[in-house]
Amino acid sequence: MAEPWEDEVEGPVKKFMFVNRKAPYGTIYALESLEVVLITAAFDQDVSLVFSDDGVYQIKKGQVTDGIGMKNFSPTYRALEGYDVEKLYVDKESLDERGLTEDDLLVDVEVLSRAELGKLMDEQDTIMSF
Amino acid sequence: MKYGLLINEGPYQHQAVDSAYQFAKAAIAKGHEVFRVFFYHDGVNAATDFAVPPQDDRNITQQWVKLAEENNIDMVVCIAAAQRRGILDVNEAERQGKRGDNIAPVFRISGLGQLVEAGIECDRLLTFGD
Numbered sequence: 001m002a003e004p005w006e007d008e009v010e011g012p013v014k015k016f017m018f019v020n021r022k023a024p025y026g027t028i029y030a031l032e033s034l035e036v037v038l039i040t041a042a043f044d045q046d047v048s049l050v051f052s053d054d055g056v057y058q059i060k061k062g063q064v065t066d067g068i069g070m071k072n073f074s075p076t077y078r079a080l081e082g083y084d085v086e087k088l089y090v091d092k093e094s095l096d097e098r099g100l101t102e103d104d105l106l107v108d109v110e111v112l113s114r115a116e117l118g119k120l121m122d123e124q125d126t127i128m129s130f
Numbered sequence: 001m002k003y004g005l006l007i008n009e010g011p012y013q014h015q016a017v018d019s020a021y022q023f024a025k026a027a028i029a030k031g032h033e034v035f036r037v038f039f040y041h042d043g044v045n046a047a048t049d050f051a052v053p054p055q056d057d058r059n060i061t062q063q064w065v066k067l068a069e070e071n072n073i074d075m076v077v078c079i080a081a082a083q084r085r086g087i088l089d090v091n092e093a094e095r096q097g098k099r100g101d102n103i104a105p106v107f108r109i110s111g112l113g114q115l116v117e118a119g120i121e122c123d124r125l126l127t128f129g130d
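First to last, the protein sequences are chains A and B.
Numbered according to the numbering used here, the first sequence spans residues 1 to 130.
Numbered according to the numbering used here, the second sequence spans residues 1 to 130.
One or more hints might be untrue.
Stated by the list, open to error - Cβ-Cβ distance ranges computed for the label pairs, FRET-style: (1) A:T27 with B:R58: 24 to 30 angstroms; (2) A:L38 with B:G97: 26 to 32 angstroms; (3) B:K98 with A:G26: 24 to 30 angstroms; (4) A:R78 with B:I28: 42 to 48 angstroms; (5) A:G99 with B:A26: 42 to 48 angstroms; (6) B:Q13 with A:E93: 26 to 32 angstroms; (7) A:Y83 with B:A93: 28 to 34 angstroms.
To be verified - Derived list of chain A stretches under chain B, where covered just means 3 residues or more per stretch with a C-beta under 8 angstroms from a C-beta of chain B: (8) 12-18; (9) 29-41.
Everything labelled a hint here was simulated from the structure, so no lab data went into it.
All values derive from a computational prediction rather than experimental measurement.
Even glycine gets a Cβ: it sits at the ideal position worked out from N, Cα and C.
With the sequences and hints as input, model every part of the structure.
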């Protein structure tokens, strides 16, 4: 049931797309991108995520990070649903290039071609690329 | 037009901060408004008052200080990214028990909500980075 404070006057809602292009470890982009995604969702904006290039590794199953002394933050992607972030898109060519399929991923996604992703990007108000 | 700028790369190491500066200057000269500059990832390092580049090189932090002061630009440094990288204002230094603070005038430390707000408020949010 909706709480009374949940149906207050709504602010402007824009379409925010986050394009994740980097491997989850090696640089901090993926981790810090995820922080922006969560905050944007907290602002009740229309959020979608794209994983392309090495960014597809961010949502690969079975990440084990003990050996590199980094925290495995991949479970956070599974928690996105709880923040109403449900539009996750993956670039098909990026998967193919890396020998991955949808079954290798730890969240439900929609796999799209680059042309389809391009169309989707056209519809956004703001795109941030990390 | 009302612009927000997002800077994701560090000063001197990468041209992103310089390009954003040149863009901001050019946009203002054309009569546009730069509403907010948001420093994220290594971009937060542009806010340090402690950098001492060689005399014949540009001082990136000082360039921004001057531009922001003259044009009333809101200069926001992401708190989480800043804390990881040792960028502290007086309050944070005290709160974290650190010896000193190093944030240059006109910069202020705040949360990622300020980035999302820039995305909502501005006509365009431009990303400078890789």
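Legend entry - T27 (chain A) versus R58 (chain B) beta-carbon gap, inside 24 to 30 angstroms or not: holds, 26 angstroms
Inset, instruction - Establish whether the coverage given for the stretch 12-18 of chain A by chain B is satisfied; the threshold is a Cβ-Cβ distance below 8 angstroms, and no fewer than three residues must meet it. - result: holds (count 3)
Inset, instruction - Evaluate the given range 42 to 48 angstroms for the C-beta pair formed by R78 (chain A) and I28 (chain B). - result: At 44 angstroms between Cβs, range holds.
Legend entry - Whether the CB-CB distance between L38 (chain A) and G97 (chain B) falls inside 26 to 32 angstroms: holds, 28 angstroms
Inset, instruction - May I ask you to test the hint 42 to 48 angstroms on the CB atoms belonging to G99 (chain A) and A26 (chain B)? - result: holds, 45 angstroms
Legend entry - Verdict for Y83 (chain A), A93 (chain B) (Cβ pair) under range 28 to 34 angstroms: holds, 32 angstroms
Legend entry - Q13 (chain B) paired with E93 (chain A), Cβ distance criterion 26 to 32 angstroms: holds, 30 angstroms
Legend entry - 8 angstroms C-beta test of the stretch 29-41 of chain A against chain B, three or more residues: As far as the stretch 29-41 of chain A goes, the hint holds, because 6 residues have Cβ atoms under 8 angstroms from chain B.
Legend entry - CB-CB spacing for G26 (chain A) and K98 (chain B) relative to the 24 to 30 angstroms hint: holds, 28 angstroms
Of the numbered hints listed earlier, not one is contradicted by the structure.
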